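Sequences listed follow chains H, D, W and V, in order. Heads up, the first sequence is in full-length UniProt numbering, so the first residue is 1 and it goes up one at a time. Heads up, the second sequence is in full-length UniProt numbering, so the first residue is 1 and it goes up one at a time. Heads up, the third sequence is in full-length UniProt numbering, so the first residue is 1 and it goes up one at a time. Heads up, the fourth sequence is in full-length UniProt numbering, so the first residue is 1 and it goes up one at a time.
Hint data in this document are derived by calculation from the structure and do not stem from the laboratory. As the structure is a prediction and not an experimental result, all values here were calculated from the model. One or more of the hints may lead you astray.
Derived DSSO-like pairs: lysine-lysine, alpha-carbon spacing no greater than 27 Å straight-line [unchecked claim]:
id, chain 1, residue 1, chain 2, residue 2
1, W, K208, H, K219
2, W, K234, W, K184
3, V, K55, V, K30
4, D, K220, W, K384
5, W, K301, D, K262
6, W, K271, D, K347
7, D, K262, W, K284
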Amino acid sequence: MSEMKDMIIDVAERMLKENVSKDVVDLLERGDWARGIWALFEESGMFSVAISEVNGGAGGDLEDLLNIVRLTGKYAAPMPYAESTFANFLLENSKQSVVDGIATYSLKKGLILQDGEISGTLPNVRWARFSKYLVAAADSFQGTQIVLIDMKDATIEQSSNIASEPRDAVILDKVKPLSSAVITDEQFFNALSIETAFKIALMTGAIERIFDITVEYSKKREQFGRPIHRFQLVQEHIAQLAGETAIAVSAFNNVCAAIQSKDFLHEIAFARIRIEDAVTTITSSAHQIHAAIGMTHEYPLHQYTRRLWSWRDEGRNSPFWSEYIVDYLLKHDVDLWAYLTKTVGKK
Amino acid sequence: MSEMKDMIIDVAERMLKENVSKDVVDLLERGDWARGIWALFEESGMFSVAISEVNGGAGGDLEDLLNIVRLTGKYAAPMPYAESTFANFLLENSKQSVVDGIATYSLKKGLILQDGEISGTLPNVRWARFSKYLVAAADSFQGTQIVLIDMKDATIEQSSNIASEPRDAVILDKVKPLSSAVITDEQFFNALSIETAFKIALMTGAIERIFDITVEYSKKREQFGRPIHRFQLVQEHIAQLAGETAIAVSAFNNVCAAIQSKDFLHEIAFARIRIEDAVTTITSSAHQIHAAIGMTHEYPLHQYTRRLWSWRDEGRNSPFWSEYIVDYLLKHDVDLWAYLTKTVGKK
Amino acid sequence: MFHLPTVQFTEEQEAFRLEVRNFLQEHVKKGTFTPTVDSWLSGVDPSFSKLIGEKGWIGMTWPKQYGGQERSTLDRYILTEEFLAIGAPVAAHWFADRQTGPLLLRYGTEEQKQFFLPKIAKGECYFAIGLSEPNSGSDLASVRTRAEKVEGGWIVNGQKIWTSNAHVCHYMVALVRTSPFDGKNKHAGLSQLIIDLHAEGVTIVPIKFLSGEYHFNEVFFDNVFVPDNMVVGKIGNGWEQGLAELAFERSGPERILSTFLLLDELVRELKQQRNKEGLKQASKLLARLWGLRNLSIGVAKLLESGNTEDVAIPASLVKAIGTKFEQSIPEIARLLIETYPNLEANRKFDRYMAQSILHAPSFTIRGGTTEILYGMVAKGVVAK
Amino acid sequence: MFHLPTVQFTEEQEAFRLEVRNFLQEHVKKGTFTPTVDSWLSGVDPSFSKLIGEKGWIGMTWPKQYGGQERSTLDRYILTEEFLAIGAPVAAHWFADRQTGPLLLRYGTEEQKQFFLPKIAKGECYFAIGLSEPNSGSDLASVRTRAEKVEGGWIVNGQKIWTSNAHVCHYMVALVRTSPFDGKNKHAGLSQLIIDLHAEGVTIVPIKFLSGEYHFNEVFFDNVFVPDNMVVGKIGNGWEQGLAELAFERSGPERILSTFLLLDELVRELKQQRNKEGLKQASKLLARLWGLRNLSIGVAKLLESGNTEDVAIPASLVKAIGTKFEQSIPEIARLLIETYPNLEANRKFDRYMAQSILHAPSFTIRGGTTEILYGMVAKGVVAK
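Can you make the complete structure from the sequences, with help from the hints?
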């Protein structure tokens with residue numbers, strides 16, 4: 001964790017808290033987004049966190065960036081911050097120049113790069129309609145390449161997820177990339193795992209917020225003449241929310257620590273599997289405590305639960321990471337306890 | 001359901017209630033069993049229920065028998081009633097003469113019948129040490145055979161399940177069966193499914209009893225100055241017990257009705273899968289409500305929960321029946337809703 | 001206490017089931033309706049309701065003199081199952097058929113029965129249920145909407161909330177306070193009135209659902225005049241009347257099948273993939289559905305035989321366990337088949353998934369929360 | 001409130017882990033002990049405790065002057081994990097090491113510390129915990145065992161129950177009433193006394209566990225004299241002292257790993273079968289274990305840094321969620337690998353399964369029921 005972390009985090013949280021009201025989150029449903037907070041983030045250098053100084057970055061690290069991403073999840077900030085920063089992460093890690101302005105990315109199969117031209121269709125590309133650049137993986141004779149595409153060259157079919165976030169189909173027909181670079185399978189897998197860390201960050205943020213909203217509601221709301229948090233069955237829900245929130249936050253923090261230590265693939269696998277479990281419990285308990293009011297558009301809870309229900313199916317999810325763990329266990333003759341304590345092969 | 005059902009059931013329940021106290025159930029742990037209730041059952045013709053009149057039976061049907069088996073589960077009666085009656089069921093259904101006295105059975109792989117002699121080992125045979133006869137499935141050149149063996153010819157290695165019920169290994173070395181008969185694969189599968197119905201009956205009985213014991217306890221036991229059934233979290237456990245008990249009882253009754261209608265394989269599959277689910281919830285909620293006292297040998301709860309934990313892993317269990325359903329779905333191009341409503345192929 | 005009757009459907013009942021099924025499948029093919037998850041609450045389609053009314057499939061258990069068919073409870077059960085299994089848009093007439101009809105048959109005046117029941121049966125007259133009020137939640141006795149006696153009727157003032165589909169309904173059966181609130185007997189002084197939703201002083205304000213859809217409303221009453229002949233049953237008896245209504249309507253197929261479309265699609269996709277392991281997981285869901293359906297049909301059979309005493313507990317259990325089952329389907333399905341839930345997706349699995357996820361939280365809230373049901377069941381079994 | 005510290009173990013810590021592991025594996029090979037599920041409660045083996053004491057592995061965080069090693073909380077955490085992961089019989093000295101030692105270090109007199117701690121550290125002196133009484137259950141304030149002041153000490157009369165392994169212990173720290181019960185302040189007037197279990201007037205009666213095993217006891221006190229120097233802390237302060245003791249001991253590896261042996265055997269058998277689908281199910285258990293372990297280690301780290309304020313809620317959460325996790329392992333495992341649970345089976349999977357099933361119900365009862373923990377957590381977060 002870099003030394004600037006506490007400061008950056010404080011600044012980011014203050015900006016988000018002051019500028020992302022429920023109305024701002026709702027902008028998406030009217031076809032707009034939070035340009036104001038985007039501009040503030042640009043001014044305060046939030047986009048250069050974790051970009052190396054050579055590329056004009058401010059010198060923070062990935063953990064700092066993931067913590068800001070977590071906050072954008074906590075405030076459901078309707079802007080492509082995670083997308084733009086991860087797009088630049090992909091560019092940097094494949095030794096290409098980073099870009100300014102709104103960028104998005106896709107690591108799905110679907111693009112083919114041949115004779116210097118890219119064709120294919122990518123479904124559910126985040127924020128495509130608002131993006132200036134797309135960073136994507138494309139198959140080529142040289143192997144997988146990370147390519148940078150000018151969105152002016154793409155055709156877009158608009159669609160959205162159940163949280164009303166833009167998830168558009170992007171169609172490329174013989175488009176020349178602005179740049180491209182071959183990456184190894186290992187690099188590609190690393191990119192997938194960092195993408196998963198971004199999703200874990202976003203989901204952790206939303207979980208934290210749901211916990212706060214729900215506990216607050218349980219104090220204010222009365223039934224049968226008492227605040228509802230005094231009923232045992234509500235207490236059970238609160239305890240379950242607290243437990244899953246604590247585990248999600250701690251999973252996220254451990255993923256960050258593992259990334260710093262460069263040995264993180266299994267942590268990311270465990271964290272993703274565990275946090276998807278948490279989403280089920282958290283969304284269900286939070287809505288049950290809120291009852292009818294939580295099902296209304298006017299009340300803010302759904303801005304976080306709908307995002308969790310969307311985000312948990314984005315990127316590589318629980319079944320993918322389960323398979324990763326299983327393949328590892330089947331390939332290596334490891335003692336389970338040594339595996340869990342990271343002491344495999346040590347005596 | 002035969003007309004005699006209500007009468008038989010009443011008589012059986014009265015006898016069990018009066019004669020199977022906690023002390024009687026405990027006999028097993030001292031190497032003995034309930035010879036008294038066995039004799040009463042013999043006197044009142046409980047062993048000839050569901051045996052055809054040709055074979056000297058009293059003319060009841062399988063549903064009557066299953067209901068008595070359910071009651072022996074409800075009272076944890078420590079005698080091989082289900083085993084002896086099912087052994088005779090196997091004999092009758094393979095057109096062999098039924099036997100008197102204690103009999104047991106095994107439908108596990110392990111025996112080979114060759115040149116008129118049987119060899120092999122069967123693990124976990126119920127009540128073997130007390131049995132006069134063993135009815136078992138043996139592989140032969142003619143296919144599967146149901147064989148009747150005199151237990152004098154067998155070597156027994158005693159063992160017991162976690163409910164302290166005798167589950168012995170039976171070793172046969174070139175033993176001549178008293179009788180034998182070849183059965184078809186279909187007949188064998190039917191036998192497996194009726195065996196499962198017997199287990200469902202036993203488990204349903206134990207579940208009913210656990211429910212009764214636990215509700216009674218929740219009324220008597222006080223904490224913080226109130227009977228515990230007034231605490232919401234105890235109410236949740238009681239409601240879950242009630243729900244799983246209602247579903248188990250109704251599953252059992254539907255299995256009986258299906259057996260009467262001769263179209264029962266899928267019912268037995270569903271019932272077995274569902275009741276194993278119920279066992280998890282029921283044993284956990286009942287013990288949680290009872291807290292420490294339920295963990296003592298002196299209190300009767302464990303006589304039922306330990307049986308459930310044993311019986312649920314006997315015979316063909318949930319994974320086996322899941323596979324049966326899956327194979328059916330994969331082999332037949334059926335509409336799911338038609339399958340569930342038993343209207344496949346009807347227009 | 002748990003020995004409910006078992007039901008083996010007769011040939012006539014099976015034939016009726018197939019008749020309904022063929023009719024509905026035909027109309028799906030024709031495009032009369034598009035199947036949706038949770039269609040009994042969100043599938044409002046008055047023209048479909050009229051079509052169903054023409055078939056004699058609304059109020060089908062009622063006396064013929066009031067437009068009914070005098071068919072059995074089990075026939076109605078079969079009909080409802082087929083509607084829900086295919087996701088037919090039956091929401092417009094749902095509450096009138098399920099609740100208002102039986103209420104009027106039990107407590108209504110001859111005039112009310114003659115006036116309302118035939119219209120309901122034709123699929124032309126829809127009723128909303130007016131129970132909840134702002135902040136009342138599960139505490140229904142805290143009703144504040146009041147009716148004051150005037151010459152020839154009552155003047156109603158107050159507000160109902162979470163009223164499903166009030167915007168397409170013609171009337172509401174509202175629980176109102178006809179005597180002042182008595183802290184010692186909160187259930188006294190409540191009455192049921194039929195309120196014309198187009199009467200002067202009634203304002204219906206939509207409440208946007210979290211998905212942006214529109215199912216429920218706030219309904220305001222500002223000096224609304226309700227004539228005496230629109231009182232249901234006895235003044236002051238509203239609590240008992242309303243309670244009876246609720247208890248018997250907890251155990252229908254709509255507490256089991258709200259997300260059946262998704263389960264159906266899950267099994268279809270798994271079969272196409274020949275995914276044996278996935279199907280094994282799904283088989284557990286089928287066993288759960290089978291267990292719930294036995295219980296639910298057993299309750300229907302009990303009701304048909306007129307035994308209402310033993311119904312309350314198993315009916316509450318069907319709702320408590322059934323709605324959790326409905327909720328569990330999307331959570332399990334998403335781990336077995338890759339999906340990205342989207343309300344406008346072409347792929348059915350993604351679309352049903354989106355509908356299921358967004359509607360699911362309601363299942364354990366509407367019609368009595370799971371927490372309230374746990375308390376009712378526990379009190380019931382302890383009292384036996 | 002949930003941002004617990006993360007821990008990356010140092011090379012020294014890792015070396016220590018491997019030292020412990022090698023030692024234990026060697027002793028399993030030698031036959032010093034047979035691994036069992038839930039060994040921290042049911043694995044009583046005084047000779048093994050002495051062996052551990054010789055290694056300096058009891059009271060290892062305590063000051064050297066009292067026989068400790070002044071090692072860190074995390075070292076002790078690692079040690080405990082290794083004990084439980086291999087199922088070592090650490091029950092005899094368990095409570096003395098986990099609870100009595102810290103209690104005496106915090107509240108004990110110099111004389112008590114010098115007398116008891118070195119013996120505990122050698123693995124020669126075992127303590128029982130005397131909290132529960134007949135019918136007290138979760139309501140610990142309802143303690144009735146009373147101590148009356150006499151010349152030079154106290155006369156104790158009453159009864160404790162569910163006292164784990166009292167039959168092998170030398171002493172008990174008992175919560176007793178030293179002033180009459182005050183309905184308005186149930187927590188006042190309670191004190192902690194060290195009672196010699198071999199003193200006159202003490203009777204220990206075994207309570208048979210449901211499996212026929214023998215872990216817990218009733219302990220009767222009939223005019224037992226306890227000298228003044230055996231009072232722990234202040235007279236009347238027993239509730240606070242006891243509570244602190246409980247809160248900090250809720251989140252150890254013993255709330256996560258009680259059935260780890262079974263999980264380990266499950267994965268081993270699935271790997272042998274190369275059962276990919278079964279392993280996928282198991283991988284979810286691994287992720288749950290990983291999540292709990294992070295939380296539990298985070299709490300240990302907080303305790304090490306002296307921050308006890310933020311510990312109570314996460315510690316209760318580890319216990320509430322961890323014990324349910326431990327219980328879930330046999331229920332999931334039995335569906336993945338064919339088994340017939342048997343305490344005497346040769347096959348480890350069947351044996352661990354039997355041990356797990358029979359012990360599992362205790363996990364969510366002992367040391368604070370899940371229901372009590374839910375209430376504590378909810379009250380805690382609402383108050384923040």
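Tested hints:
1. K208/W - K219/H: Satisfied, since the Cα-Cα distance of roughly 25 Å is no more than 27 Å.
2. K234/W - K184/W: Holds. K234/W to K184/W sits at ~21 Å (cutoff 27 Å).
3. K55/V - K30/V: Given that 27 Å is the threshold and the Cα spacing comes to 17 Å, the pair holds.
4. K220/D - K384/W: 14 Å, holds
5. K301/W - K262/D: Distance ~22 Å between K301/W and K262/D Cα, so the pair holds.
6. K271/W - K347/D: Between K271/W and K347/D the Cα gap is close to 23 Å, so the pair holds against 27 Å.
7. K262/D - K284/W: 24 Å, holds
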